[in-house]
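Generate the whole structure from the sequences, applying the supplied hints.
Residue numbers (the working numbering), protein chains in the order written: chain A, 44 to 466; chain B, 44 to 466.
The set of hints was computed from the structure by calculation and includes no laboratory data.
Incorrect hints may have been included.
For identical chains, the list gives no copy identity; a pair is met inside one copy or between any two copies.
Simulated pairs of lysine to any residue, SDA-like, Cα-Cα distance not exceeding 20 Å [said to hold, decoys possible]:
1) Lys-184 - Arg-120
2) Lys-184 - Thr-140
3) Lys-52 - Arg-402
4) Lys-139 - Met-79
5) Lys-106 - Leu-49
6) Lys-295 - His-270
7) Lys-139 - Asp-352
8) Lys-106 - Thr-53
There are 2 protein chains.
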Amino acid sequence: MRQSQLFYKTLKRAPKDEESINSQLLIRAGFIYKEMAGVWSFLPLGLRVLRKIEKIIREEMEKIGAQEILMSVLQPRFLWEETGRWSKEIGKVMYKTQEGKKETGLGPTHEEMITDIVRKSIKSWQDLPLYLYQIQNKFRKEPRAKSGLLRCREFGMKDLYSFHSSEEDFRKYYDTVKKAYFRIFKRCGLDSILTEASGAGFTKEITHEFQVLADGGEDRIIYCPKHHFSQNKEIAKLKTGDKCPICQGVLKEEKSIEAGNIFPLETKFSKQMSAFFTDRDGKKKLIVMGCYGLGVSRIIGVIVEVHHDQFGIIWPKEVAPFQIHLIPIELSSPRVGKDSEKLYRDLQKENLEILYDDRKNVFPGEKLVEADLIGLPIRIVISERTLKRDCVEVKERKKKEVKLVKRGHLLQFLKSNIKLNYV
Amino acid sequence: MRQSQLFYKTLKRAPKDEESINSQLLIRAGFIYKEMAGVWSFLPLGLRVLRKIEKIIREEMEKIGAQEILMSVLQPRFLWEETGRWSKEIGKVMYKTQEGKKETGLGPTHEEMITDIVRKSIKSWQDLPLYLYQIQNKFRKEPRAKSGLLRCREFGMKDLYSFHSSEEDFRKYYDTVKKAYFRIFKRCGLDSILTEASGAGFTKEITHEFQVLADGGEDRIIYCPKHHFSQNKEIAKLKTGDKCPICQGVLKEEKSIEAGNIFPLETKFSKQMSAFFTDRDGKKKLIVMGCYGLGVSRIIGVIVEVHHDQFGIIWPKEVAPFQIHLIPIELSSPRVGKDSEKLYRDLQKENLEILYDDRKNVFPGEKLVEADLIGLPIRIVISERTLKRDCVEVKERKKKEVKLVKRGHLLQFLKSNIKLNYV
Numbered sequence: 044m045r046q047s048q049l050f051y052k053t054l055k056r057a058p059k060d061e062e063s064i065n066s067q068l069l070i071r072a073g074f075i076y077k078e079m080a081g082v083w084s085f086l087p088l089g090l091r092v093l094r095k096i097e098k099i100i101r102e103e104m105e106k107i108g109a110q111e112i113l114m115s116v117l118q119p120r121f122l123w124e125e126t127g128r129w130s131k132e133i134g135k136v137m138y139k140t141q142e143g144k145k146e147t148g149l150g151p152t153h154e155e156m157i158t159d160i161v162r163k164s165i166k167s168w169q170d171l172p173l174y175l176y177q178i179q180n181k182f183r184k185e186p187r188a189k190s191g192l193l194r195c196r197e198f199g200m201k202d203l204y205s206f207h208s209s210e211e212d213f214r215k216y217y218d219t220v221k222k223a224y225f226r227i228f229k230r231c232g233l234d235s236i237l238t239e240a241s242g243a244g245f246t247k248e249i250t251h252e253f254q255v256l257a258d259g260g261e262d263r264i265i266y267c268p269k270h271h272f273s274q275n276k277e278i279a280k281l282k283t284g285d286k287c288p289i290c291q292g293v294l295k296e297e298k299s300i301e302a303g304n305i306f307p308l309e310t311k312f313s314k315q316m317s318a319f320f321t322d323r324d325g326k327k328k329l330i331v332m333g334c335y336g337l338g339v340s341r342i343i344g345v346i347v348e349v350h351h352d353q354f355g356i357i358w359p360k361e362v363a364p365f366q367i368h369l370i371p372i373e374l375s376s377p378r379v380g381k382d383s384e385k386l387y388r389d390l391q392k393e394n395l396e397i398l399y400d401d402r403k404n405v406f407p408g409e410k411l412v413e414a415d416l417i418g419l420p421i422r423i424v425i426s427e428r429t430l431k432r433d434c435v436e437v438k439e440r441k442k443k444e445v446k447l448v449k450r451g452h453l454l455q456f457l458k459s460n461i462k463l464n465y466v
Numbered sequence: 044m045r046q047s048q049l050f051y052k053t054l055k056r057a058p059k060d061e062e063s064i065n066s067q068l069l070i071r072a073g074f075i076y077k078e079m080a081g082v083w084s085f086l087p088l089g090l091r092v093l094r095k096i097e098k099i100i101r102e103e104m105e106k107i108g109a110q111e112i113l114m115s116v117l118q119p120r121f122l123w124e125e126t127g128r129w130s131k132e133i134g135k136v137m138y139k140t141q142e143g144k145k146e147t148g149l150g151p152t153h154e155e156m157i158t159d160i161v162r163k164s165i166k167s168w169q170d171l172p173l174y175l176y177q178i179q180n181k182f183r184k185e186p187r188a189k190s191g192l193l194r195c196r197e198f199g200m201k202d203l204y205s206f207h208s209s210e211e212d213f214r215k216y217y218d219t220v221k222k223a224y225f226r227i228f229k230r231c232g233l234d235s236i237l238t239e240a241s242g243a244g245f246t247k248e249i250t251h252e253f254q255v256l257a258d259g260g261e262d263r264i265i266y267c268p269k270h271h272f273s274q275n276k277e278i279a280k281l282k283t284g285d286k287c288p289i290c291q292g293v294l295k296e297e298k299s300i301e302a303g304n305i306f307p308l309e310t311k312f313s314k315q316m317s318a319f320f321t322d323r324d325g326k327k328k329l330i331v332m333g334c335y336g337l338g339v340s341r342i343i344g345v346i347v348e349v350h351h352d353q354f355g356i357i358w359p360k361e362v363a364p365f366q367i368h369l370i371p372i373e374l375s376s377p378r379v380g381k382d383s384e385k386l387y388r389d390l391q392k393e394n395l396e397i398l399y400d401d402r403k404n405v406f407p408g409e410k411l412v413e414a415d416l417i418g419l420p421i422r423i424v425i426s427e428r429t430l431k432r433d434c435v436e437v438k439e440r441k442k443k444e445v446k447l448v449k450r451g452h453l454l455q456f457l458k459s460n461i462k463l464n465y466v
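Below, the structure is given as structure tokens:
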């Protein structure tokens with residue numbers, strides 16, 4: 044894409060009231076726009092990142108047999124009365140609205156709705172297991188919305204729900220989802236740590252969180268080389284230097300961000316909402332359920348908290364809005380103009396995603412500073428000086444070194460040295 | 044996809060309270076689930092159709108230079124106070140919710156929000172024109188929600204907004220969008236008619252609607268061979284047999300559905316919200332705006348209203364959830380089983396989207412009745428009888444004739460006779 048056409052605006056400084064690294068950088072680089080505390084709009088660059096993450100999630104969900112659906116945001120009160128959650132637990136953070144005499148809520152989560160859909164479709168053990176997910180905006184009242192994309196009132200979420208004929212079958216899938224989550228985070232450039240946590244009103248069982256170590260995190264995890272814990276009440280009192288309750292190893296404490304959580308729901312919802320199936324033995328039994336959340340927009344915030352430096356964002360390859368930033372210097376020179384246009388077309392033919400800085404009235408220094416702020420993985424600079432040697436300059440955003448590469452070797456260089464993912 | 048794995052359930056009869064053809068058929072065929080009046084969830088088959096339509100829209104938006112963004116659903120009251128619409132006009136159909144002292148609305152449309160974003164980014168005539176769109180769920184109070192996907196409280200919408208330095212530049216783009224809309228509807232299998240309408244509180248100017256003729260429509264259009272009109276007040280009194288006010292031709296009246304609308308906003312919003320740019324002459328001027336709506340989920344309803352018969356839905360090729368329904372009859376026969384599996388794999392290799400009815404315990408008649416209800420464009424039946432002649436049966440959903448095609452010629456036949464779109 045031609046940068047002169049791209050709708051974005053960079054800022055030298057972040058607005059004063061932005062305290063988090065992710066909101067500061069994402070605002071300054073023109074990825075997001077703040078509508079109010081905890082409510083953000085995604086500008087073209089930000090939306091491209093969001094779509095990349097959604098694509099990764101969809102691919103990994105498909106691998107574990109999950110089918111995508113899309114439930115409504117508006118949820119009828121009567122469904123939430125069935126579980127008693129309308130006025131307690133998560134119902135308290137639900138935004139509510141009214142039309143005539145009817146009260147509806149804005150979905151903070153969808154257990155009631157999905158259980159209702161499934162109980163009307165599932166008859167026998169042959170219809171199970173069943174894995175359904177959606178990617179959709181969720182809404183939660185949030186008095187402490189102040190960490191950019193990490194804690195929002197409206198946020199993108201992937202929620203997966205699984206339905207099983209037995210606890211054993213559920214446990215197997217629960218492990219399958221764990222592995223898929225690790226793959227998703229890895230592809231997003233994040234090392235995630237699986238921790239135990241309490242059930243947050245969903246279940247009395249131990250649930251699991253995927254935590255990412257980050258200085259900007261609001262959570263803390265406590266760990267020894269073999270075990271990780273997070274907000275589980277039982278271990279909440281532990282601190283650095285204490286002994287691990289399992290292996291007696293020495294514990295350390297670090298700040299982290301919760302990027303996903305998975306819950307065994309057992310038969311909590313199927314019982315309250317009468318979701319049965321007929322088993323092999325002809326008996327009517329309650330469906331065993333699990334639910335698995337992933338903060339899609341939050342992941343963007345986590346990535347920026349983890350991958351940045353003093354100059355800007357450093358996007359991991361697979362989630363970057365574009366892979367390559369092509370920057371001609373001295374674009375007024377006819378030769379630079381002609382050769383950079385040709386390079387832009389040639390790289391596009393290779394199905395690479397290029398942001399082409401075709402702006403003529405911008406100083407070279409300004410272009411490079413802005414490129415660092417936006418943070419695409421690879422920067423290619425083309426100028427009179429490089430062209431004299433029939434070269435271009437290639438620099439990875441995450442590295443310091445700049446390499447001069449012959450134009451004829453550029454594609455091969457990108458493929459072999461940088462292991463570029465083709466789109 | 045294997046039909047045994049697909050989450051869907053067909054019904055012999057539609058629920059009694061469903062009056063519209065589109066909701067009756069979409070519910071019966073397992074595409075959508077009703078959450079409450081005017082609020083629907085999309086099951087896997089329905090979501091696939093929704094995604095196909097979104098894909099068409101994105102491709103056509105890109106062709107006319109529009110950039111995709113994603114604004115929040117939650118909208119702050121103070122923006123709507125700037126235009127005075129919080130408590131009048133469209134603000135009256137806005138769902139509102141509260142957190143502490145703060146009131147927010149659920150976006151019924153996004154003029155205020157986009158104008159706010161743009162006024163902070165646009166400085167000079169060089170930043171214009173600018174075309175921004177999003178695809179997102181909108182929310183409107185709707186006391187008459189009763190026509191399936193045609194009139195909803197929550198619905199998918201594509202809203203495009205254009206920003207110009209002059210009325211003349213706006214007019215050009217307005218015509219460009221018109222053409223893009225015709226292409227979108229055509230690709231969705233719909234013949235649309237451009238009609239004049241009143242501004243619905245957005246503008247005092249004449250606006251335009253894209254109407255699709257359908258018996259299930261709630262609108263009416265009045266037309267002679269050369270001109271079309273819809274709800275414009277001036278011509279609302281005209282009826283069949285009257286003379287066209289422009290060419291004196293004889294008018295006819297038919298039922299229709301509004302599938303899109305486009306509005307010249309002039310400087311209504313930029314004036315109320317102080318959205319300026321500096322022109323070539325150095326003078327500060329108001330940005331000229333246009334907005335362009337398209338009911339994404341509604342289009343699904345329109346397609347079904349137009350394309351169906353007594354047996355079920357007849358999906359146009361480009362929006363069908365799958366292109367081919369592969370149906371083995373007598374799947375218990377080892378030969379049918381083996382050969383249909385092979386055919387399924389071979390067709391998949393050609394990047395065709397196949398729904399493969401691999402269910403063993405379902406009677407042939409039931410499979411065929413269900414296939415007609417679901418309505419994929421091409422049905423391929425494979426059975427002992429066809430295999431004896433080394434053939435399969437090919438039938439287009441929209442045609443009556445069944446053709447016996449040699450297995451070796453199948454791909455060629457599909458390509459040349461049915462002009463299959465590859466995905």
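Unmet hints by their number, sorted upward, for this structure: 7 and 8
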